[in-house]
Amino acid sequence: MNFEKLLEGLKHPSSDVFFKYGSLVFAASVVGVIALSMVVLVRGAFPALTSFGFRFLTGVNWDAAAGFGALPYILGTLVTASIAIIIGVPISLGIAIFLAEMAPDVIKVAVSNIIELLAAVPSIIYGLWGLYVLRVWVANYVQYPLQNSFGFLPIFSGTSYGLNFLTAGLILAIMIIPTVASISREVMVSVPVSQREAAYSVGATRWEVVRMSVLSYARSGIFGAAVLGLGRAVGETMAVTMVIGGATGASALPTSLFKPGQTMATILVNQLSEAESGSLQLAALLGIGLVLFAIAFGINIVAQLLVWRVLKVQAGAVE
Amino acid sequence: MTLHLQTEEKQPLSREEILQPHRTLENSKVRTEDLDAWYGNNQVLKKLNIEVREHSVTAIIGPSGCGKSTLIRCLNRMHELVPRARTSGRVMLDGSDIYAKGIDPVTIRRRVGMVFQKPNPFPTMSVYDNVAAGLRLNGERNHSVLDRAVQQSLELAFLWDEVKGDLDKSGASLSGGQQQRLCIARALAVQPEVILMDEPCSALDPTATAKIEELIASIKGNYTVMIVTHNMQQAARVSDFTAFLYLGQLIEYGETTSLFENPVEELTERYLTGKFG
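These protein sequence lines map, in sequence, to chains E and H.
If you use our numbering, the first sequence corresponds to residues 1 to 319, in order.
If you use our numbering, the second sequence corresponds to residues 1 to 277, in order.
One or more of the hints may lead you astray.
Some chain H residues close to chain E (C-beta under 10 Å, calculated; not the full set) [said to hold, decoys possible]:
(1) N76
(2) T107
(3) G134
(4) R148
(5) A189
These aren't lab readings, by the way, just hints derived from the structure by calculation.
We treat Cβ as the ideally placed atom computed from N, Cα and C, and that holds for glycine.
With the sequences and hints as input, model every part of the structure.
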């Protein structure tokens, strides 16, 4: 932004000029806030990044003697977010298809409202439910039966009583459903009637219409909805902290669904208050914050690029 | 309502014959019997009786809102897809009622294809896949069968020469006129018996319109075509028979030349001479 021009604008306070640069300042402030938080994170993480270098990303230890490595928490985030996407997105799509294409009006309105309400439930409530209800279900109905039959497989090992990666992933799956379902429903509803009629006119059944015209026309929007869900799953802190078990160091590596672990967000909330200022531990935590920030940023950029690419195809379509 | 369906070998119909309900032409393909259609509480077709001859082009004309589109949408059961839309009466396709109990609308739509006002190719599919879409729904997986059907349909739609090198391109990348011919090819690919066209040229320029009219003339030997149009010159150019609808009722129906040259009803004449509509 050209500062002299801004001053010039202020000297001649015509409302247009004032409005133009005023709005520019507000717009620029968003970029400024992002840049500032980046600076704070990089500065705070600097000691850890210089002392461990690349090993900060690949290391698994977490103590002052052996050094600090972020790998278990990066992987923990990826594993829990993946479980959330694999389970949450198909359920959300099912809900969205039902609401957009199948449901009678009364049910449509009722269910849509309930789903919107789910999005408004504070995450600590999901956490409490996860801690007292879901983890018991996971332990009794998933973990122990699987371990009795397939306990020899490393992926099913672990002795947690439901406080583990799977429970965390399931809680996240439930938490992303409102977002993914309501956005997918909106993009499906916005598919032009002419597209549905095209499929009907060549003899498509109701499901074939959904597949041929609705899902394929709306795929970019559905993909965007899933990415927003992923963003929420990666960043979600409170509910996950309550059910993931909170292991640190090498034991937090997600080698089994039924081991306690930690994500990047949970280790920050678990340890930030106890880390002494100026310590290497605090620097390492801020380093994890930096990685989380970068990953969240990356997810959004990739999503934007993909959505933009698909939209370009559709821009040529009539309507 | 006035009917004057005369052909070279047949005598003009007497008034009694015309007024006799459910009279059947020898080679009628589609026949409606007291067809009513509603959108909610709004009745758009009122006791409409019309017979459409096989392997002919029938134009439906009339002012906006007269029920032209609704009429053809009742003939392949697309009307009922609109929320709160319903019909009563019968629509006979080859002598059997398409609204009879137990008839799956999907099977009707495979026999009665449709082309819409705005070209609506599937934008995420290639030209080839657009044409093959209906056949694939029927379970056709054989590549050589699909290849042949796609080429034949595109040839019938006068599009093959323009797209044969670009079959993998998106259907949405074609020009408006090409997109509409692609939609016609898509409809032809499933080999329907009847093709309904709902103002197929209203979004196209004169050159693209001429191509589509030429196409209609070339396919009518094998298909029964019904075309809704706002353009009376177009109706006169492409159709063998013309039906004039007004306020949901069939006012006049007959051979295109006689209806345009000697309309019997005053309403028809006033519409044709541009006094209203």
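Outcome of the hint check:
{"no.": "1", "hint": "N76", "in the structure": "7 Å, holds"}
{"no.": "2", "hint": "T107", "in the structure": "7 Å, holds"}
{"no.": "3", "hint": "G134", "in the structure": "3 Å, holds"}
{"no.": "4", "hint": "R148", "in the structure": "18 Å, violated"}
{"no.": "5", "hint": "A189", "in the structure": "8 Å, holds"}
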